[in-house]
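In order, the protein sequences belong to chains A and B. Sequential numbering from 1 applies to the first sequence in this note's numbering. Sequential numbering from 1 applies to the second sequence in this note's numbering.
It is worth saying that the hints were derived from the structure and are not from the lab. No residue lacks a Cβ here, since even glycine has one placed at the ideal position from N, Cα and C. Treat the hints with care, since some could be wrong.
Okay, derived cross-link-like pairs now, PhoX-like style, lysine-lysine, Cα gap no bigger than 25 Å in a straight line [what the hints assert, rightly or not]:
(1) B:Lys275 with A:Lys669
(2) A:Lys817 with B:Lys245
(3) B:Lys196 with A:Lys10
(4) A:Lys132 with A:Lys23
(5) B:Lys3 with B:Lys81
(6) B:Lys245 with A:Lys109
(7) A:Lys818 with B:Lys258
(8) A:Lys994 with B:Lys196
(9) A:Lys23 with B:Lys196
(10) A:Lys268 with A:Lys766
(11) A:Lys669 with B:Lys276
(12) A:Lys669 with B:Lys258
(13) A:Lys688 with B:Lys25
(14) A:Lys817 with B:Lys258
(15) A:Lys950 with A:Lys688
(16) B:Lys276 with A:Lys950
(17) A:Lys874 with A:Lys817
(18) A:Lys151 with A:Lys24
(19) A:Lys818 with B:Lys276
(20) A:Lys950 with A:Lys286
(21) B:Lys275 with B:Lys142
(22) A:Lys366 with A:Lys24
(23) B:Lys3 with A:Lys817
(24) A:Lys688 with B:Lys245
(25) A:Lys222 with A:Lys632
(26) B:Lys81 with A:Lys818
Covered by chain A, according to a simulated footprint, are these stretches of chain B (three or more residues, beta-carbon under 8 Å) [what the hints assert, rightly or not]:
(27) 48-60
(28) 93-101
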Amino acid sequence: MICCIETALKPDLLDARALSLKKKARDYFSIEISDARSTNILLLETDLSPEELEYVKDSVFTNPVIQISATGFLDIDFDYAVWVGFRPGVRDNPASTAAEAVEDLLQRKLGPQEGIYTSCRYCLKGDSLTRKDAETIARELLANEIIQQWKVFSRDEWMKTEERVTPAKVILDHVPNFDVLSMDSDESLKKISDERNLALNTRDIPVIRAYFNDPKVRESRKTVGLDNPTDVELEYISQARSDHCNHNTFRGVFHYTDLSTGEKTVEKSLFKQYIQAPTLELKDQKDWVVSVLWDNAGVGRFDENNNYVITGETHNSPSNMEAYGGAITGIVGVYRDPMGTGKGSRLIMGSYGFCVGELDYQGPMKPPLHPRRLLDGIVEGVKDGGNKSGVPTTFGQTLFDHSYMGKSLVYVTALGIMPAAVNGAPSHEKKTSPGDLIVMSGGRVGKDGIHGVTASSEVYSENTPAGHVQIGDPYTQKKMHDFLLICRDRGIIRFITDNGGGGLSSSVGESAMISNGCEVWLDRVPLKYEGLDMWEIWVSESQERMTIAVRPEHIDEFMALSREHEVESTVIGEYTDTGKLHIKYNDRTCAYVDMDLLEKGFPDWEFSAEWIPPSLRGLTEPVLTAPADYGKLILDLLSRPNICSREWITRQYDHEVQGGSVIKPLVGKNRNIPSDASVIRPVLESEKGLVFSQAILPWYSKIDAYHMMACTIDEAARRMISVGGSLDHMGGVDNFCWPNIQYDSLKNPDGKFKAAQLVRACRGLKDVCLDYGIPLLSGKDSMYVDGHLAGEYGETRKVSALETVQFSVTGTVADVKKCVTMDPKMAGDIVYVVGTTADEMGASEYYELFGKTGVNVPVVDTARFRILYKALEKAVENELVESCHAIMRGGIAVHAALCAVGGGFGFELDLSSVPVDDPETMAEERILFSESAGRFLVTVAPENLETFDKLFKGLACSAAGKITDEHSSFRIAGLDRGNLCDIPVPDLENAFTKPFGDMI
Amino acid sequence: MTKVYALVLTGFGLNCDMETAYAFKLAGADPYRVHINSLIHGKERLEDYHIIVFGGGFSWGDDHGAGVIQALKMKNHLGDKLENFVEKGGLVLGICNGFQTLVNLGLLPALESSYSERTASITWNDCGNFRDQWVHLAGNVKSPCVFTTGVETAELPVRHGEGKFVAPADVLESLADNNQVVFRYADENGNPADLKFPLNPNGSAEDIAGICDPTGRVFGLMPHPEAYNHFTNHPDWTRQKSLFKRKGGEANTADLFKSTPVGTRLFENAVEYVKKNIL
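For reference, chain A alone in the conformation it holds in the complex (with noise of 0.2 Å):
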């Protein structure tokens, strides 16, 4: 029987999430709503008495103070009733704690056809409301058709329809099977490839087909009843095969041209060449660096007993689609990363980068999700996703850029801290043993995410599940993360990994590498509902879920600590060294292939790449003569969207829990002003920290990558030196937004620039991370960030990306009293500018400003950087400097801009005193708007000037400013001392914190 329980709040109380609705249908659609009110409605597929359902709706649904309900519907007076629900079979975690909260409080489980659905209904009412309205409401603010369905009511409707809503029940009515399929030919398996999804290279094929075809191999195949390969089998082999899995582009052959010069170079593995090799170099010389490049994450050295653990990753298509259910689910499963790192670490601190289109955008070009709507999604998205799991977002960057309506990124990095030894061994080792029992915990398994987005192209019916587009359990994973943790002290975590892409088939076909076999036992794995077939099961990518090796004389110990958690975990099979994948249901063999396939010589990808450098691309500088209003262009670029406050994010976030905060999200006099790094005790007991920061600088590659990978890194270290990090140790994680690079002369004309492009960010990453020492501790690329968008003719556009790399550092700081924010503190301090500034406003914001690029891209000259760098972080170390900032987007104008507004007092800054390379060229506005790498903006007390000026000696560092309370003006000085402006600092706080301001 279906039963359902409506509550809402009380009439007279604020309903907060419905007036949130009211402001977005006024300031998005102009539609004028005059009264609002929200309900939950939980519908129960169940056989409750009709007594049993009140005291359910009374001791668990109804807050007496707060809400009123009825089992039915409550009574609440519209013009028209919006009401959202899910599609079948998306992850609904309200209805799985409600299930729980029922089965406690009626001391029985729910039977496999019981079932619990949440959704809500939303009563609007207002004079000139029409149905189109509400359908708009519906569609573009409450409901995404891709995991969730509405109805719209008219009260008349409301009234007269008997079935209102029913429950998004999965009824796939199939009894699971697999196939075996024939390939007399390559072009019968690419027949299969392309009906089936599996995506297989075309290179790939005859290698696959030799497989299958060898003599030995049919005849080992024989014993256990097979012949030709089963679509477990090809599954296998597809996501094995993936870019996503195999890295297929980084590993690839590149044939580099440079058109200017004719030099061409054959780059065999951008991965091997530019990545793995600098990080070797570099951990042989740096005895923090614990263990990279394999593991799921990279470790460093926190202290003698603990090590850090940190990776990074993007979840960009499936939040393109569905921008809350992607991005919850990318900061949950980045999350599982460190938890499968070595034997498992706790979790300690995460951070994001979201790159999406103008959130003003009106054009005719219609993106799935409009960019506004797409950032309301992924915000909340990260915000439930990293506030449930308990983990501090401490830092996070938010960018617009029109290339983004193609496709949004959405960056996400967790760290995490284990013990450095477990049991008297070191906690970064662990391997799969023949004999090892393979342990699937937590989640069930659904059709969810199996081959990812292919899948939206399938015929819906009313009970299809929706499973291509997922939705992150914070909740499930935090019970899991407590438990396994549990396991790790004790000793019983033998292996442990993460189920994210490829699901089973790559958590089990990795771990089985080591051990050398496996054979896993499909028909145990727990489902969400019957009917999966066998392949479905194998490659399915239902999230949270970790896969674990424990000793047979553990098991016992393991799974009364499981039932304890409330974590659901089952053996689903066994290592062995067979050599085989041997993948059985109901003892029926359905797969077994040899361990070493995937070596078996498959191709290499092949690009080809042709650099043509600015000048031959016609780049040039624009013209434009200085300007006369200083003080206003400097107001309109504090308020442009890539340089203006976005609090409103920032403090969705929970940056504090754990309760290591030391240096937050936002600093300064108002708390209002970016940090340029965090800071976090992650070991409560000591004063030692962790800082973290990252950068993300897009425009420089519209001259050249190479730059833009230069400058992001520096970025990223400066802002970590700025809070008292230090060179000696800084770890990087590179991730990687790259368009296509395969060149298509239709689809992908520039392809062939694109791969130039990422062989020139790769070169940059390798010589920069050298020459400041900076080890990759962990990296990933996400290769296809392009889209192709519904124009206003009929036509189809693409939009690629920029190329984008998020780089992120961390490292330890010995004594976190040390520490230092960007405001200035007090009242006769002076203001230094470290480090040169030169002729370098290619792409800059000033430039972007005026839509121009220009060609002078800035330069990172390391050598010179890192004797600044070194001589600052002695400064910082010695207690000498007050504030330190370093100068990023915008220029020194902006950055001392904002630090006038941190300080909150006034700031002078003297433009005749900065240092310049060549005074001949540096007008004014070059000074103020250039984004020239490496330099800070410091403020030292008037006592330690003289040791500070030591310190820099020969330096390209001067004292040009200070910091004053005689009034509460941002002024400068032009290059013969006169006043180029004088704005009030309120002045420059408002134009700040204004155009995003009425945000919450």
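For this one, chain A is given, so just place chain B on it according to the hints.
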């Protein structure tokens, strides 16, 4: 017993247990992090402890109202034991999600010492969103609350989406009359926030940030005292350090480094109370 034993709940999505245990350790107690099921299954006994903490987090995902299912679970399995614990003089602290749970359990405000009646609620912030910020709090020196003895003002972080305290007018009146309102949101001078955002970050009635029961031994608050366990937790510490440094003489930075953050003081007060009155 010469030691003060504090039980910090864990499990089911709770998440501030490590730093809460640490704060108790700083305050001189022996803290134990105990899974809710260990208590329910009798592996751990409430009567072996002096203090129980319902800490911050998202118990059961907070999917059906913050702290609702946690309260239900505790009530179903440990209701009598909890009331006994209070009756026998034990201390109960609810922070954020724990405060929400105590209110749903009826352990707070426990007007007329009825510890199982739900008379108040903590609901969605007026701003409609989760919010992390530091707040100024005005302490009520007349309050019987044993955790806040001598605390006239405090600065602590709030981090919640559901922190708005609501109750019927008569309940609010009784709370004020009985001095059960322990903390109110205030401005930097200790004057009431008067519902002004962001001084009052969630729209709480009468700026209420924390309340206690009539005995003062059950205390719930939205701000996180455990997150102010070191002077570097304070958002202005680098500014404070510069000030201290410049004052020179005796008031140098060492004083700042040695100072006890007000967050830790709440835990110290609790430990002190147990030592004086229970041990």
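Each hint tested on the structure:
1. A threshold of 25 Å between alpha carbons decides the hint, and for lysine 275 of chain B with lysine 669 of chain A the separation of about 40 Å lies outside it, so the pair is violated.
2. Using a Cα cut-off of 25 Å, the hinted pair lysine 817 of chain A and lysine 245 of chain B holds, with the two alpha carbons roughly 13 Å apart.
3. Between lysine 196 of chain B and lysine 10 of chain A the CA atoms are separated by roughly 23 Å; this keeps the pair inside 25 Å, and the hint holds.
4. For a cut-off of 25 Å, the pair hint linking lysine 132 of chain A to lysine 23 of chain A stands: about 18 Å separates their Cα positions.
5. Of the pairs offered as hints, the one joining lysine 3 of chain B and lysine 81 of chain B holds, with about 22 Å between alpha carbons and a cut-off of 25 Å not exceeded.
6. For the given pair, lysine 245 of chain B sits about 63 Å from lysine 109 of chain A by alpha-carbon distance, which is inconsistent with the 25 Å threshold.
7. Among the hinted pairs, lysine 818 of chain A with lysine 258 of chain B is consistent with the structure: their alpha-carbon atoms are about 15 Å apart, no more than 25 Å.
8. Between the alpha carbons of lysine 994 of chain A and lysine 196 of chain B the distance comes to roughly 19 Å, so the proposed pair stays at or under 25 Å and holds.
9. Between lysine 23 of chain A and lysine 196 of chain B the CA atoms are separated by roughly 20 Å; this keeps the pair inside 25 Å, and the hint holds.
10. A hinted pair counts as satisfied when its Cα atoms are at most 25 Å apart, and lysine 268 of chain A with lysine 766 of chain A qualifies at roughly 15 Å.
11. A threshold of 25 Å between alpha carbons decides the hint, and for lysine 669 of chain A with lysine 276 of chain B the separation of about 41 Å lies outside it, so the pair is violated.
12. Between lysine 669 of chain A and lysine 258 of chain B the CA atoms are separated by roughly 23 Å; this keeps the pair inside 25 Å, and the hint holds.
13. For the hint linking lysine 688 of chain A to lysine 25 of chain B, the alpha-carbon distance of about 19 Å falls within 25 Å, and the restraint holds.
14. About 12 Å separates the Cα atoms of lysine 817 of chain A and lysine 258 of chain B, which keeps this hinted pair within 25 Å; it holds.
15. Between lysine 950 of chain A and lysine 688 of chain A, the direct Cα distance comes to roughly 28 Å. Violation of the 25 Å bound is thereby established for this hinted pair.
16. Straight-line distance between C-alpha atoms of lysine 276 of chain B and lysine 950 of chain A comes to about 57 Å, which puts the hinted pair past the 25 Å bound.
17. Under the criterion of a C-alpha separation no larger than 25 Å, the hint pairing lysine 874 of chain A with lysine 817 of chain A is consistent with the structure, at around 15 Å.
18. For the given pair, lysine 151 of chain A sits about 19 Å from lysine 24 of chain A by alpha-carbon distance, which is consistent with the 25 Å threshold.
19. For the hint linking lysine 818 of chain A to lysine 276 of chain B, the alpha-carbon distance of about 39 Å lies beyond 25 Å, and the restraint is violated.
20. A threshold of 25 Å between alpha carbons decides the hint, and for lysine 950 of chain A with lysine 286 of chain A the separation of about 29 Å lies outside it, so the pair is violated.
21. Taking the CA atoms of lysine 275 of chain B and lysine 142 of chain B, the gap is about 22 Å. The hint holds against a cut of 25 Å.
22. With a C-alpha separation of about 19 Å, the suggested pair lysine 366 of chain A and lysine 24 of chain A falls inside the 25 Å cut-off, and the hint holds.
23. Proximity of lysine 3 of chain B to lysine 817 of chain A is assessed by CA-CA distance (about 32 Å); at most 25 Å being required, the pair is judged violated.
24. Annotation: proposed proximity of lysine 688 of chain A to lysine 245 of chain B holds, straight-line Cα distance about 21 Å (limit 25 Å).
25. Proximity of lysine 222 of chain A to lysine 632 of chain A is assessed by CA-CA distance (about 80 Å); at most 25 Å being required, the pair is judged violated.
26. For the proposed pair lysine 81 of chain B and lysine 818 of chain A, the alpha carbon gap of about 48 Å is over 25 Å, so the pair is violated.
27. With 4 residues having a Cβ less than 8 Å from any Cβ of chain A, the stretch 48-60 of chain B passes the three-residue criterion, so the hint holds.
28. For the stretch 93-101 of chain B, the stated coverage by chain A is violated: 0 residues have a C-beta nearer than 8 Å to a C-beta of that chain, whereas at least 3 were required.
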